[in-house]
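Generate the whole structure from the sequences, applying the supplied hints.
Per full-length UniProt numbering, numbering of the sequence shown is gapless, rising by one per residue and ending at 87.
If you are wondering where the hints come from, they were derived from the structure by calculation, not from laboratory data. All values derive from a computational prediction rather than experimental measurement. We put the beta carbon where it would ideally sit given N, CA and C, even for glycine.
Straight-line alpha carbon distances no greater than 27 Å define the calculated DSSO-like cross-link-like pairs of lysine-lysine that follow:
1. K25 / K59
2. K33 / K15
3. K15 / K78
4. K78 / K59
5. K33 / K17
6. K15 / K25
7. K59 / K17
8. K78 / K17
9. K25 / K78
10. K59 / K33
11. K59 / K15
The following label-pair restraints were derived from C-beta to C-beta distances:
12. E68 / K15: 19 to 25 Å
13. P29 / S73: 21 to 27 Å
14. E67 / L30: 15 to 21 Å
15. W76 / R5: 22 to 28 Å
16. S21 / E79: 20 to 26 Å
17. F74 / S41: 16 to 22 Å
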Amino acid sequence: MQHERMVAIVLAGGKGKRMESDLPKVLHPLCGKPMVFWLLSQLVPLFQERIIVVVGYQKERVQREIEEMAAASFAWQKEQLGTAHAV
1 MQHERMVAIV LAGGKGKRME SDLPKVLHPL CGKPMVFWLL SQLVPLFQER IIVVVGYQKE
61 RVQREIEEMA AASFAWQKEQ LGTAHAV
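Have a look at this one:
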C-alpha cells in the first residue's frame with residue numbers, strides 16, 4: 001500500500017472524565033507505557049513524520065510527552081466539541 005500521500009491523525013485531546021483522574025486520557029499507563037505510545041509505535045514506521053496529533057486538554061503536557069516518542073505535527077482543538085470537530 002502506498003503511504004506517501006496518507007497522513008495519520010491521532011485524536012489526543014480528551015480529558016478522560018470517566019477515568020476520574022487529572023491525567024490526560026492518552027497518558028494513562030497501559031503495560032507500563034502511556035496509551036498513546038502503543039498507537040504511535042505502530043504509526044511511526046508507516047507514516048514517519050506525517051502524523052498529526054490533535055491536542056486539547058493539558059495540551060503542553062501531552063505534546064511534550066508525544067514529542068519524546070515521535071516526530072509529529074500538532075493541531076490544537078481549543079474547545080472540545082467532539083470527535084468530528086477534532087478531525
